[in-house]
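Protein sequence lines correspond, in order, to chains A and B.
Here this note's numbering is used: the first residue of the first sequence is 1, the next is one more, and so on.
Here this note's numbering is used: the first residue of the second sequence is 1, the next is one more, and so on.
There could be a bad hint or two in this list.
So the derived list for chain A, only partly shown, Cβ under 10 Å to chain B, looks like this [unchecked claim]:
hint	residue
1	P124
2	D126
3	L133
For the record, the hints were derived by calculation from the structure and aren't laboratory data.
The beta carbon of each residue, even a glycine, is placed where N, CA and C say it ideally should be.
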Amino acid sequence: MLDNSARWRPEPDWENARLEGRTVAVRAVTGLAQRLVSGDLDRFLARHGLGCDVGALGLASGGRYAVRVARDRLLVVGLPASECADGWHADGYAVTTMGSALRVLDARGEGVRDLLARATTVDPDDPGPCAALRFFGLTCTVYFHGDAQTLRIHVERGLAASLWEWLECQPLLSGGAGGG
Amino acid sequence: MQLFPCPFCGPRSESEFHFGGEAGNRRPEGFRAVTDGEWAAYLHERDNRRGPASEIWMHMTCGEVFRMERDTVHHGAVRSFALIEGGGDDGLAH
Ligand SMILES: [Zn+2]
Chain A
1 MLDNSARWRP
11 EPDWENARLE
21 GRTVAVRAVT
31 GLAQRLVSGD
41 LDRFLARHGL
51 GCDVGALGLA
61 SGGRYAVRVA
71 RDRLLVVGLP
81 ASECADGWHA
91 DGYAVTTMGS
101 ALRVLDARGE
111 GVRDLLARAT
121 TVDPDDPGPC
131 AALRFFGLTC
141 TVYFHGDAQT
151 LRIHVERGLA
161 ASLWEWLECQ
171 PLLSGGAGGG
Chain B
1 MQLFPCPFCG
11 PRSESEFHFG
21 GEAGNRRPEG
31 FRAVTDGEWA
41 AYLHERDNRR
51 GPASEIWMHM
61 TCGEVFRMER
71 DTVHHGAVRS
81 FALIEGGGDD
91 GLAH
């Protein structure tokens with residue numbers, strides 16, 4: 001009988017998944033509150049004291065920040081539902097909880113720019129205001145978090161295992177402990 | 001790789017974009033009053049100009065739909081215009 005279960009590997013155990021290269025290491029970040037905000041972004045940012053949003057390869061810090069993913073759309077990290085409910089808000093924006101929709105990976109080390117060169121076509125010295133870009137051919141949200149050697153990547157949950165396998169195949173990340 | 005200018009994101013690889021047709025090809029309004037000839041023209045008849053062209057494109061990563069002036073001979077992308085800022089050839093998104 002046809003058995004398709006052997007055609008694909010099981011998903012990585014994200015809590016413990018690690019890829020270690022000489023100059024860069026990758027791990028999954030779990031448990032982040034992720035919200036999608038559409039509409040009047042300036043009013044949303046002011047209302048929640050989030051300051052400026054972060055663009056492509058921009059630098060976000062802390063556990064609470066907003067990343068621009070379209071002209072009228074933000075991916076907001078660390079904003080709990082208790083502070084801002086899902087749905088339409090009279091100030092002119094809509095909020096949707098996205099926590100289960102996106103996996104988050106952190107790539108850390110002096111080799112992150114080499115990883116960017118391999119995975120994207122964006123100009124690292126002029127990346128633009130929008131953090132949604134193609135990373136390994138997948139639409140991801142990509143920016144730095146904490147410092148300029150930590151790249152954070154949000155990817156659609158169903159595609160995360162595919163991105164992980166691609167990362168495993170990279171010479172930059174080969175030769176270390178597997179995470180699968 | 002060719003770079004296309006998204007009016008919001010700036011220059012990005014052409015592979016992030018999807019062609020949306022010639023600008024100004026508006027859907028005929030009027031429902032039953034629209035003749036089959038008008039509808040067929042809307043669906044199938046294209047100017048397909050040689051040289052400067054005005055086209056609708058979508059930037060897939062951010063979702064922006066915009067108008068781009070491009071040359072169909074040398075393929076140079078000349079300028080792009082945000083429809084939300086009145087950049088359609090008649091100021092409308094269509
Ligand atoms: Zn764009």
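For each hint, the structure was consulted:
With a least beta-carbon distance of about 13 Å to chain B, the hint placing P124 of chain A at the interface is violated under the 10 Å criterion. A hinted interface residue such as D126 of chain A counts as satisfied when its beta carbon comes closer than 10 Å to some beta carbon of chain B; here the least separation is about 7 Å, so the hint holds. Interface hint at L133 of chain A: satisfied, since its Cβ lies 5 Å from the closest Cβ of chain B, which is below the 10 Å cut-off.
Violated hints amount to a single one, hint 1; each of the other numbered hints is respected by the structure.
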